[in-house]
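As they're listed, the protein sequences go chains A and B.
Note that the first sequence ends on residue 468 in our numbering; no numbers are left out.
Note that the second sequence ends on residue 205 in our numbering; no numbers are left out.
Fair warning: there could be bad hints in the mix.
Taking beta-carbon pairs under 7 Å as the criterion, some of the chain A residues facing chain B (in silico) [what the hints assert, rightly or not]:
| id | residue |
| --- | --- |
| 1 | Pro-8 |
| 2 | Gln-145 |
| 3 | Ser-259 |
Below 30 Å or equal to it, Euclidean Cα-Cα: the simulated DSSO-like pairs (lysine-lysine) are [stated by the list, open to error]:
| id | chain 1 | residue 1 | chain 2 | residue 2 |
| --- | --- | --- | --- | --- |
| 4 | B | Lys-173 | A | Lys-48 |
| 5 | A | Lys-169 | B | Lys-182 |
| 6 | A | Lys-169 | B | Lys-202 |
Covered by chain A, per the in silico footprint, the following chain B stretches (three or more residues, Cβ under 8 Å) [unchecked claim]:
| id | stretch |
| --- | --- |
| 7 | 106 to 118 |
| 8 | 148 to 160 |
No wet-lab data here; the hints were simulated from the structure.
Remember, predicted model here, so these are calculated numbers, not experimental data.
Even for Gly, the Cβ is constructed at its ideal location relative to N, Cα and C.
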Amino acid sequence: MSSYPHAPGFVAGDRPKVVTSRFEYTDSFTIERYLATDGYAALRKALSKPAADIHEEVKGATVLGRGGAGFPAGTKWGLTPQQVWPRYLVVNGDESEPGTYKDRLLMERDPHQLIEGCLIACYAAGLSQCFLYIRGEMALAQERVATALNEAYAAGYVGKNILGSKFSVDIVLHWGAGAYVVGEETALIESLEGNRGMPRLKPPFFPAANGLYGQPTIVNNVETLANLPWLIRNGVEAYTAIGTKTSPGTRMVAVSGHVKRPGVYEIINGTTTFRDLIFGEEFCGGIRNGNKLKAFVPGGGSAPWFTPDQLDLPFEASQVGPAGSMLGSGAIMVMDETTDIPAAALTLTHFYAHESCGKCTPCREGGTWLERILTRVVNGTGTDADLQQLIEVGTSICPGDFPHASNEALGLSAVPFPYKMTTICFVGPSAYAPIHSALTLFRSEFEARVTKRITIPVTAVGAAS
Amino acid sequence: MSRLTDANVVIAKEIIGRYPRPKSALVPLLHLSQEQNGYITREAMVHLGELVGVTSAEVYGTATFYEMFRFEPVGKYLINMCGTMSCALMGAGELMHHAEHKLGVKAGGTTADGMFTLAHAECQAACTEAPTLQVNYRYRFHVTPTDFDNLVDDLRAGKLADEIPAHGVLAKVRQRIPADKGVGAVAPEDVTEGPAWLDGKPAL
């Protein structure tokens, strides 16, 4: 197990490396290093076969989308209407889900791998222009991808008649300006059209049918595309030999919070469990200071929380969903016994309330209400009625039973994911998710706040050590 | 006054030319304008509207949606302190408290000498390295109060000028598509045929 100062947070292990194979090199982002380590070999191999064959390979490998929804990329590419041109590729590099840290590393450390993945996708799905949308705040990632694109254009890997073939595609670097909701694919498209980044109502605006400029558009996450060069080079069998049948390959997972060794790990998909990740010696090595695990968020800030009861679940959507949460974007946030649960939930609710684009009333108004009420409770000036009010407001965003984990001590059985929602996108429900989990699993901490009027400063969500 | 300079108009036209529709260039052009002036002025928005063919009101509508665009001057160094969950769990609250004391301003404020603007920020995608901050969108990880003091002192002393440019500058490298290498953008309505490589045969 090693970590590298040039790839902050990344921890390499003795496991298959599909997307992080070059992270050990300090110059992994240069075209020289890329070419010396099988770079652009997959592109050459892909172009030597008909486009439809490459599409079949990606379908056959079941490359699940790594952005959050987990939809297979090959299937998504097949959803474009026949004979409607042009079709576009939009790369979602707007990583900003709380807890998530992987796409930025992939863009900073191996931009050519991403570019090669974009080229393979464009070739296979007949996409004639690619827009690579990087989050605005990621200056270094923008710099590395811009440099890599300039190198790739100069060397003939991108642009007109790539490698002398009839395949031609431009990759345009685009960058955002700070808006979490733009990570939602229809909002990303709005933003790319130069508009306010507000999600579009689906249907009819499923991007594969009606996306950028009203044309068929494939939106793929950075990590998803970064998988393609390895897959094409090594073949479907080698790819599906890693992980499980339903979740093949590897996944980038960031584990943060109160663990001994927070880090970004490329794990084997489908079989690695949360216990492996949090307590395994080859991963985080347990909770800091020998403390006890109190709760963890399994799939980014939007995901309902788990407690130690769920530690043995594997990284497999078909098991995590029925257990009441989601794998989302591969982000685990760990809370130890010292964590102030209502205050921790408030940091997330504040995030989603702040990031609401304002299009849907339940999110715009509801998120703000949730934040204000919870702030009162956390500050020790709330009442019993406030706890009820939180649930009422939350239910107006997500009617019916909200998903949550089972809990043996509390006698709770799980309510499976997903939730129902009165909003277009998931930002509104995400403002409620942490409150619902915290209130369901740790109600006594809220009750202590409202009855005993415990006032502690909001700063003490957790301590530095 | 704060319209794009002639040199920047050349860059702006190059950027606009990459998109099938000019308005798509708006966010990158707003960044270019902010890079030039440090923030977005009314004249800049009028000019950008002229360049991409929309009204200045539309430019304003887009610009105000995005948090990175500032409509009044900020300090030379904008310090964004992450306060979302992973950082909060690792002491971001105390760090912000410390930063406010060190700089003598509350979050959102700018120091009297115009050097620093201190701001609350949301998740910066470096959660394993908590607590984090960005100075003009350059990262600092595992930040302790002492680290923060040293950072501010170094910035004041001009020691980090090479690494951290003034507010508004993001990537120091721009994408350049050479005229002889690029395919060129085409308005979607002008595309009538599918891509040449979808003929059922290998491209190479």
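To see whether the hints hold, each was checked on the structure:
Below 7 Å, beta-carbon pairs count as interface contacts, and Pro-8(A) has none with chain B, the closest being about 11 Å; its hint is therefore violated. For Gln-145(A), the suggested interface contact is upheld, since its CB lies about 4 Å from the closest CB of chain B, less than 7 Å. Satisfaction of the interface hint for Ser-259(A) is found here, the shortest Cβ-Cβ separation to chain B being roughly 4 Å, below the 7 Å cut-off. Between Lys-173(B) and Lys-48(A) the CA atoms are separated by roughly 34 Å; this puts the pair beyond 30 Å, and the hint is violated.
The hinted pair formed by Lys-169(A) and Lys-182(B) meets the criterion: a straight-line CA distance of about 14 Å does not exceed 30 Å. At most 30 Å may separate the alpha-carbon atoms for a hinted pair to count; Lys-169(A) and Lys-202(B) meet this at roughly 10 Å. A count of 0 residues in the stretch 106 to 118 of chain B with a Cβ less than 8 Å from any Cβ of chain A is obtained; the coverage claim is therefore unmet, three being the minimum. Counting residues of the stretch 148 to 160 of chain B whose CB lies closer than 8 Å to any CB of chain A gives 0, so the stated coverage by that chain is violated, three being the minimum.
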